[in-house]
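A.B. asks: Single-letter residue listing:
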Amino acid sequence: MKIAIVEESPLDAAEPDLNSQLISILLKLGHDVCRLAADALLFENIIKEKPDLVYSLVRKEMDTARRIPALLEIAAVQYAGPGMMALSFNCFYNLLFPLLTDSGILTSPFLVMKAGQPFELGNLDFPLRLHREGYSNGQTLNTKMELNSALKKIPERDEVILFGHVNATRKHIYLLGERPLVGKDNSVCIEPAVRAYCVMEGRGLARFDFLCSDKVLLTEVEMAPHPLEPLMVREAAEYGWDTEKLIQQILEDAVNG
Amino acid sequence: MLPTKESDWTILDIQISLMKIGIVYNSFARHKKLPEELELRNTAFNIGRHLKTLGHHIQYFNMDSPESIMALCRSDIEVAFDTCERMRGDPRGEAFTAAFLEFLGIPHTRTSSFYIALGINKMRIKHILSFHHILIPKSQVFFDNQDNLNPGLEFPLFVKGSESENSIGIDEQSFVMDMPHLKEKVSQIINSLHQAALVEEFIDGREFSVAILPGKDNRTLPIMEIEFDDLPINRRYLDYQAKWLTNSDQYQRTIPGLPKNLPEKQKQAIISTALKCFRILGLDSYTRIDMRCRDDRVYVLEVNQNPSIDEDGSGYVRACKDVGLDYNAIINILLANALLGAV
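In the order they appear, the protein sequences are chains A and B.
Using the numbering used here, you'd call the opening residue of the first sequence number 215 and step up by one each time.
Using the numbering used here, you'd call the opening residue of the second sequence number 3 and step up by one each time.
Don't read these hints as lab results, they were simulated from the structure.
Glycine included, each C-beta is placed from N, C-alpha and C at the ideal position.
Heads up, some of the hints might be wrong.
[What the hints assert, rightly or not] Chain B stretches covered by chain A per the calculated footprint, using a threshold of three residues with CB under 8 Å from any CB of chain A:
1) 70-81
2) 112-123
3) 130-139
[Said to hold, decoys possible] Residues on chain B that point at chain A, a partial pick, calculated with CB under 7 Å:
4) Phe98
5) Ala101
6) Phe102
7) Glu104
8) Phe105
9) Leu106
Next up, chain A with everything else stripped away, as it sits in the complex:
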């Protein structure tokens, strides 16, 4: 296949080494690879290059990353990796977690509120984790003072979600399509992960993190993990896949899914 890799512009990738490794693997698998920048000419370049598949590795600028699948859909080209919805949910936990909860998926306790509104923490224990709407990274806050200071830096009308601490064992699971890559001791995560994956219109590789005690609580999602991130590679190996097999499976999932 001819595969177009999309990277941050100007070729300033979040994980340049992993991207280079990925390209080497694709070439080793016999594919033809071209590299495209995620800039205003991306659509035109895709039309010109006519790739069989596009793989976006844009990760640094999530605002850009989550819009690229839309461009690919408009270009009517096949692509690997998450769609627009799933990538956006990565950045809007304030909408995602209420949706998951109302869909019957157990999650860490949370509170959604405007940054400027008065609030009561209720049953949320410190340390808290705060996610601001539109941002994929959260921050940990150990005290009320840290929380108030963090909220003051956020525009009052912006929505935030606060997750309370839960004393439990952290586990995670990777899915490819709806297929779990099962490692040791995380089979309890499969069912809720698959359900969350469907609710989020998941596509391609995704990782779901849980807190497990007497209940299995979804606490974080990553809908666009780099296929060669070390944890992924280690777990794929436990599943019996080397990196070439892993990449091959991702491509097949993209083409057949």
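Once you've looked at the hints, dock chain B against the given chain A.
C.D. replies: Frame of chain A, contents of chain B only:
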């Protein structure tokens, strides 16, 4: 009191000087266009004509043409008036177009793409609203007509596409009183629209819609009520005919207008519910929320993030005109709002 002058509605610190504006539209590939497609396309060109008479420089970009899309990528437009819906029949096209404009850094007149995408799946919206204690009709998605009906759902029920818009798929068979008719309509939705069927309890009550005009302070326009004349209960809803076929019985007998005898408490509940939905769903552009009232309770039926802004027929434009805003004013306000988002 609602502002009565256009200047009171515009974002006062952004002046709409003469600009390079792109009109982004669907040409729809079919030779014979459906009524809603014709309206959409005509709306795009009509908006362009109005903007041109105001002195702006206008370019048109057809999102069904790769060449036109490439021209959009290379253009120097300062803002886009986005009228796109669907792409190759896919309702997600609306969200894709908005996302594409955002990718290019072009402010546009629609709500942000993520919120458009969120709203395409009606059940998803219901879950989010329900979480925030907004009343919605009890609902269930059917992926197959063999799915079992949830125990909490009782007839009469209302069946529509889980992702369809423009009332496509809503007809005289949408109102169902028994299981065989439910299964038949579910099958028809799945087979003809290629999407899951949304089945919800039928709320028999007065139907209202609230249009929201976006801006620094998002404002509700006067509540509109749909009167169903003396139609029987099983036809008391806006179906495809009522929206698009002007010669049909249903169109003639479903009459929008200002509500009569609406108690103040109910009026405030309707307005407050509309604004809550707007806020909860992160919306930031023109929107219409459709509701029904039963036993003093307000149920949200639909949140329409892309109500028609056709100059001649749309409820949204009618509501604007009721407060003295002509079409040029509406267009200016939407442009100002798009630029406000870019600040």
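A.B. asks: With a cut-off of 8 Å between beta carbons, are at least three residues of the segment 70-81 of chain B near chain A?
C.D. replies: holds (count 4)
A.B. asks: Could you check if Leu106 of chain B really has its C-beta closer than 7 Å to a C-beta on chain A?
C.D. replies: For Leu106 of chain B, the interface hint holds, since the closest Cβ of chain A sits about 6 Å away, which is under 7 Å.
A.B. asks: Classify the hint on Phe98 of chain B as holds or violated, based on whether any CB of chain A lies nearer than 7 Å to its CB.
C.D. replies: With a minimum Cβ separation of about 4 Å from chain A (threshold 7 Å), the hint on Phe98 of chain B holds.
A.B. asks: Holds or violated: Phe102 of chain B as interface residue toward chain A, Cβ cutoff 7 Å?
C.D. replies: holds (6 Å)
A.B. asks: Against chain A, with CB atoms and a cut of 7 Å, does the hint on Ala101 of chain B hold up?
C.D. replies: For Ala101 of chain B, the interface hint holds, since the closest Cβ of chain A sits about 3 Å away, which is under 7 Å.
A.B. asks: With a C-beta cutoff of 8 Å, work out whether three or more residues of the segment 112-123 of chain B approach chain A closely enough for the coverage to hold.
C.D. replies: holds (count 4)
A.B. asks: Quick check on the hint: Glu104 of chain B CB to chain A CB, less than 7 Å?
C.D. replies: holds (6 Å)
A.B. asks: Tell me if chain A covers the segment 130-139 of chain B under the three-residue, 8 Å CB rule, please?
C.D. replies: Per the Cβ count (4), the hint holds.
A.B. asks: Phe105 of chain B was flagged as interface toward chain A. Is the shortest Cβ-Cβ separation under 7 Å?
C.D. replies: holds (4 Å)
The structure agrees with every numbered hint stated previously.
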